[in-house]
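Those protein sequence lines, which keep their order, are chains A and B.
Okay, so the first sequence: first residue is 1 according to the UniProt record's numbering, each after it adds one.
Okay, so the second sequence: first residue is 1 according to the UniProt record's numbering, each after it adds one.
These are calculated hints, taken from the structure and not from any lab test.
Cβ coordinates follow ideal geometry from the N, Cα and C atoms, glycine included.
Check the hints yourself; a few may be wrong.
Stated by the list, open to error - Which chain A residues face chain B? A few, computed with CB under 8 Å, are given here:
(1) Ser28
(2) Trp32
(3) Ala107
(4) Ala159
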Amino acid sequence: MTAPAPRTGPVRAGPVRALRAEALKTLSVKTWWALLIPAALVALMINLFGGLFSAAIGGVSRDVPGVLLASLAYALALTSVFAGLHGVVLATAEFRHRTATTTYLLAGRAPTLLAKAASAAVVGAGYALVAAVVGAVGGLLGQGGGRLPSVGSLLAVAATGVAVCALWGVLGVALGTLLTNQVGAIVVLLGYVLAVENLLSMALRSGLDDGVDSGRSPGAVARLTSYLPANAGDVALYDLPARELGGRYSTAVVEGLAGVSAPPPGWGALLVLLVWAAAGVALAWVAGGRRDVT
Amino acid sequence: MTREPDGSAGPVGSAGGRGRLEVSGLVKRFGAVEAVRGLSFTVEPGAVTGFLGPNGSGKTTTLRALLGLVAPTAGSALVEGVPYVALPAPGRVVGAVLEAQGFHPARTARRHLRACAAAIGVDAARVDEVLALVALTEAADRPAGGFSLGMAQRLALATALLGDPRILVLDEPGNGLDPQGIAWLRDFLRRFAAAGKSVLVSSHQLAEIAQTADRLVVIRDGTCVYQGAREGLSGRPGVTVLCADPAALAAALAGRGVLEIDHLPGGGLAIAADPVLVGDTALAAGVAVYGMTERQGDLEAMFLRLTGGAG
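For reference, chain A alone in the conformation it holds in the complex:
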């Protein structure tokens, strides 16, 4: 018998090895920048033509400093959809191209899930950074006549966007790992974010005449709207712009923009989204860990 293999290399912990592998895999295909381009274009358009946005929310003068913040928040909310899509594609590509077997054999299931979540979070955060920069520049060019928001508020909205997009990347990986079917997972993600959650919010709030005007406090059911994942991200993003736009009516502004009732503060909404992401990963961990890979 010959001596065992001499090659040992640096010994790294399983999760670290998985993270390096996932980073290499993420960067070796075009998905990440193929989704970044439309995300950046959307951010540019929304902020360049901020007038569209102020028309949409109605009655708000472009001289109010919050307009650029609000259009930036809107752009970042849309960017989070691309971050989620990237997460879905990252996770489901393994099943679509039948590479899951190799990946699980070499890196293990749990380390792979965590490494993919981390990769998607970083890419999502990158999308948000690009969208924030492109959006801010576009906004300054297009809405330059108005009063400009402070650098601090711009940075705060951008940072919130980074967090929201990172968490949507993680949610995308969790959804993709759970469903495995790429087309199915993309349809579910887009269908939920763009339609189902809005319908759900309307249903939850249907028992309520507009809370602010009627002076009635929204009921427990209507309050649930803020705790749905897409709404929670919107609430987190619109929190600061709403305060600059609406002053003491900021809650009403957030309710109008995000379509929710009695929203929690921005940081609370971010925590809600964090809990959704963690719950998604936990589900994917359990379901993905037991699944037979054939």
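Position chain B relative to chain A; hints supplied.
Frame of chain A, contents of chain B only:
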């Protein structure tokens, strides 16, 4: 422990022996389908073990259970005494080439291997070594989506070898390889085993691994019907007899405990027994013998008989 007619030469290990695979009482049900039913066998280092069975006999499921991809319904499938998922650095212990293993079509062979090397924790320099080993250096920077079946198979083998494993598990590796590729693989596996490492290679075609495997595990309907040396399967050498009254001779032989008798077309008998015994029995029974030829064991016939494919 296990009934092994060959008294296999490799290091007779404990359950946790280095390079040892052990499947015991493995059962796997997919819904109503019982793919594997109480299968038990072992794979020892220093030999190529052929894993044979017809399509649908449970080979792939068994290999996937060994590799932690499929959870056993009952029983166990262990690598060096532990489940695959409990190995701290599995890529350095086991290399596997499975049938349903694909590649991202847009990722080049080199980038695929780099990512796998990172997952295993081996140097990126190892990538060039395995590329050269499977003769894919030229195609290394082409997307794997454009690879032929044979090239994909070689890339899968390169992936399996990245971690310099001491156990190789290959599921139908001959698929897609040209004759030169098959010859190369055969030679490679023999040298791999000769270096004291373990090889478990599955096939539904005996011919494909008969020349490579030292040991055979034959399964049928999810259970083991033979495990041991290849020579053991080819059966005891026997004789072909042409005689006046085959039925009488067969009856007389049965009386002496020889039951493995096949009636050949044309009235001959194929008997798995010593020629002296057959001759003596024929004389005692008064059956005239016109001709007797000694024959070597017939691996193919025995395989077909075991797996129920005969006739």
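Hints versus structure:
no.	hint	result
1	Ser28	4 Å, holds
2	Trp32	12 Å, violated
3	Ala107	4 Å, holds
4	Ala159	31 Å, violated
Consistency note: the structure conflicts with the earlier hints numbered 2 and 4.
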